[in-house]
Amino acid sequence: MRILGHKPTVTAWIGMGIIVVNLLVAVFGPVFAPYSESQTVGSTWDEPSVQMLLGADQIGRDMLTRLIYGARMTIGVALATTALSFFIGITLGFAAAVLGGWVDTVISRLVDVILSIPLLILALIILGVFGSSIPVLIVTIAVLDSTRVFRLSRALGMNLTVLEYVEAARLRGEGTWWIIRREILPNASAPLLSEFGLRFCFNFLFIAALSFLGLGIQPPFADWGGMVRENSAAINFGMLAPIWPALAITVLTVGVNMVVDWLLSVEARPSGAQAEM
Amino acid sequence: MADTSNKSDKSDKKIILQIKGLRLEAVRGGSVIVDNVDVTLHAGEVLGLIGESGAGKSTIGLSAMSYARAGVHIAGGTVEIDGVNIRELNAAGRRDVRGKRIAYVAQSASAAFNPAHTIMDQVCEAPTIHGIMSRKEAEAWARELFTSLDLPEPETFGDRYPHQASGGQLQRAMAAMAMSCRPDILVLDEPTTALDVTTQIEVLILLKSLIREYGSAALYITHDLAVVAQVADRIKVLRHGKEVEEGTVDEVLQAPKQEYTRQLVAVRGAAASERAVQSSVQDEVILKVEHVDAAYGSFKVVNDVSLDVRKGETVAVVGESGSGKSTLARIITGLLPPIGGQILFKGKPLPKSLDERSKDLKRQIQLVYQIPDVALNPRQRLIETIGRPVSFYAGLGGNQDSVSEDGDRPVKDTLDHSSKKYFGMSSGDVHKRTLELMDMVELPQSFLMRRPTELSGGQKQRVCVARALAARPDLIILDEPTSALDPLVAEEILKLLRRLQAELGLSYVLITHDLDVVHRIAHRTAVMLKGSFVAFDKTDTIFEGPYHPYTEQLVTAVPVMRSDWLDGVLAKRAAEAAAPG
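Residue numbers (the working numbering), protein chains in the order written: chain V, -2 to 274; chain A, 1139 to 1719.
One thing to keep in mind: the hints can contain errors.
So the derived list for chain A, only partly shown, Cβ under 8 Å to chain V, looks like this [claimed, not checked]:
1. Leu1492
2. Lys1500
3. Leu1505
4. Tyr1507
5. Ala1513
6. Leu1514
Facing chain V, from chain A, some residues (calculated, C-beta under 10 Å) [what the hints assert, rightly or not]:
7. Arg1495
8. Ser1496
9. Lys1497
10. Ile1503
11. Gln1508
12. Ile1509
13. Asn1515
14. Arg1517
15. Glu1522
16. Thr1523
17. Arg1526
18. Phe1530
19. Tyr1531
20. Cys1602
21. Arg1605
22. Ala1609
To be clear, the hints were calculated from the coordinates, so they are not data collected in a lab. We treat Cβ as the ideally placed atom computed from N, Cα and C, and that holds for glycine.
Given these sequences and hints, build the entire structure.
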């Protein structure tokens, strides 16, 4: 089987498997979750048992149920954030590359200003001021993250915009939007796709970090980063509780990176083959 | 260095490189790229490998070092250097041979040099890595090579970075790099193809004397029969990865045995005789360029240039790279607004910058690029590449009627279906017109859903021409339309351009460095040097003489299909230099 015209490697298949399982859980989780999201089933940090396969969390909710609902929230928010961030970043980046001149200067300097402030601190300030509802969280992280997407897409756009087929479109009299959409975007899709995977991971970890600091997704919604924080005290008693959400974060991150690595490698060698040395 | 005493007699020379039954296949699909080719090279001998692109000549050159490009693997055959089959060596053993016994000169030296290191560092790398010389010895030897390759300031030339040397100088530096380990065999892969004719002759002369001086054997890979005739002892003609024929230079040039070789030899000879077929030029002046100046920043590239093109006429602008001829094309298309002078299009002043020109004006002036690979969006299928200008300019007037008579061509269901997603272009008229345009440039209609990567170089250039025609233009600017193509393919494109001109009454401005092309299709010719025209007249008048000195230099630098041409030029130059005054 081929994906994007290339044969995936074994690790890529594993990564895709992980992603698909996670997505299925996120979409259909509530259907097969044993309990409801905030239902207290046992007592604090119960050991795994037949009723609660992964034990209970700090207030006795079923860990497996929380993980399943957490997948929905964590992946959903990370995906929405990354998609929005890419839409903003790509549009501005390509516009800067194609239009050049003062448009490029204004956007680029603005991005430099944002990039010069540590991301986490800026996010803490904005979320502190506006409160951390889920829409605010998504927009905040997306805007901050789009600066990096902007830098990549501007660089890609710069390389493509000097090519003769783009010049031919300009000569024809095509508008900026058409040039971005039809001439540049299709030719930048491979590196952007790999970057999407990476940035998804970063956003996902960033939300986990914010949740860990208490400014991410708010209770009673379950999310993996928040679950690590809530259950972290269990480590002191040698209990497994915080390991489960941490493991979920790790597995998804590794899975996405496996796919991204493969995408990057086929992109570096268009034929997907190696020279015979 | 090497002894040059016993070079004349080849029969008793030992065989230095022997390739037998070489077979290369694509890793995916397994298609055969080189099929059962034998190469025998004696010490000190130069073998020319000639053929069009895709003939497998570069692949053979690389596999002489037992190397295969990504996507290709050596499936069979032996490669013996001095009796040792290097295909049986391990990677370390092969590495030891490469650079030391057999060295490679790439086609594009400017792309082959690492821009971050000095030329000296790169030339000295191989001998020091192989442990043949100390860095000091290597530098001394490099300077000697720079001297014999006639590079400027050989003592300090090595301190330059690649961007500080011209294309011709880099190509020579690349030859020095290849010679740095004093290899027995040089593989020269199109070493002069990327150069101007006037530079090409310099590099050719030096390469030839280098090979003679140091007695290296060489595989000389090129698509230009006239070039290879100057340096090679024998020629092997290749096509589709198979050998067509092999013989001495004179045998191949004078009495080619195979039909394909005969065609190759004939292409150049055809130039003069085919001039007769010309479209009729009308009086109406389409384009008038008056005293135009242009500059990049403060650097003036075009200086007081005036030009006029009439309906149905082809005006050629010739000159070497850097002469400003492509800049002239950019000025006419509006990409580079001129700083002085004016341009009239059909008698009306043409706005200087592209943004100020109306859509209809943009439609009437079209540009065909030199390198079709980068002129076509690799992600767009032909239906979009050609169909887009059709729908984009739909409703604007055009002065040509379509040449296709059968308007109700059956449109295949499959095409109709799959074209739906292409931005409303499945509308019957655009589709029909796209197919019509493909007919005009002689592309099969079945290519409609192909992407550029699925086309050959000549087919891609046809798509570029079709894209220009889609706008129903009055003027097409042809920026080196054939220089990236093989001679036989270029010939077809020229025929196509001439036919379209006759049928549609198109005017062409042809930018080129190839005088052969000029002879073939231009009514009038301008010779450009350092941003100015040194001559502008009927093509015949320009080439009949008396020449402007620069025109003469251009004309005499074009290789002629005779094995003794280069020696003749050398003798002539020597005589001129020796003659007093």
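Exercise for review: Let me know if the C-beta of Cys1602/A comes in closer than 10 Å to any C-beta of chain V, holds or violated.
Suggested key: holds, 8 Å
Check your understanding: Against chain V, with CB atoms and a cut of 10 Å, does the hint on Ile1503/A hold up?
Key -> holds, 8 Å
Review point. Was the hint right that Glu1522/A lines chain V, CB cutoff 10 Å?
Key: Status holds, d = 8 Å.
Check your understanding: Would the stated hint for Arg1526/A survive a check requiring a Cβ distance to chain V of less than 10 Å?
Key -> holds, 8 Å
Review point. Does Ser1496/A meet its interface restraint, that is, does its C-beta lie within less than 10 Å of any C-beta in chain V?
Key: holds, 9 Å
Practice item. Would you settle whether the hint for Lys1497/A is holds or violated, based on the nearest Cβ-Cβ distance to chain V being less than 10 Å? Key: holds, 5 Å
Exercise for review: With chain V as the partner, please determine if Phe1530/A meets the hint condition of a C-beta pair closer than 10 Å.
Suggested key: This hint holds: Phe1530/A lies near chain V, its Cβ roughly 6 Å from the closest one there, short of 10 Å.
Practice item. Go through the hint on Leu1514/A and say holds or violated, using the shortest Cβ distance to chain V against 8 Å. Key: holds, 6 Å
Practice item. With chain V as the partner, please determine if Arg1495/A meets the hint condition of a C-beta pair closer than 10 Å. Key: At 8 Å from the nearest chain V Cβ, Arg1495/A passes the 10 Å test, so the hint holds.
**Study point:** Restraint satisfaction for Ala1609/A [CB to CB of chain V, less than 10 Å]
**Key:** holds, 7 Å
Exercise for review: With chain V as the partner, please determine if Thr1523/A meets the hint condition of a C-beta pair closer than 10 Å.
Suggested key: Interface hint status for Thr1523/A: holds (8 Å vs cutoff 10 Å).
Check your understanding: Should the hint that Arg1517/A touches chain V count as held when the rule is a Cβ pair under 10 Å?
Key -> Since chain V brings a Cβ to about 4 Å from Arg1517/A, closer than 10 Å, the hint holds.
Of the numbered hints stated above, none is contradicted by the structure.
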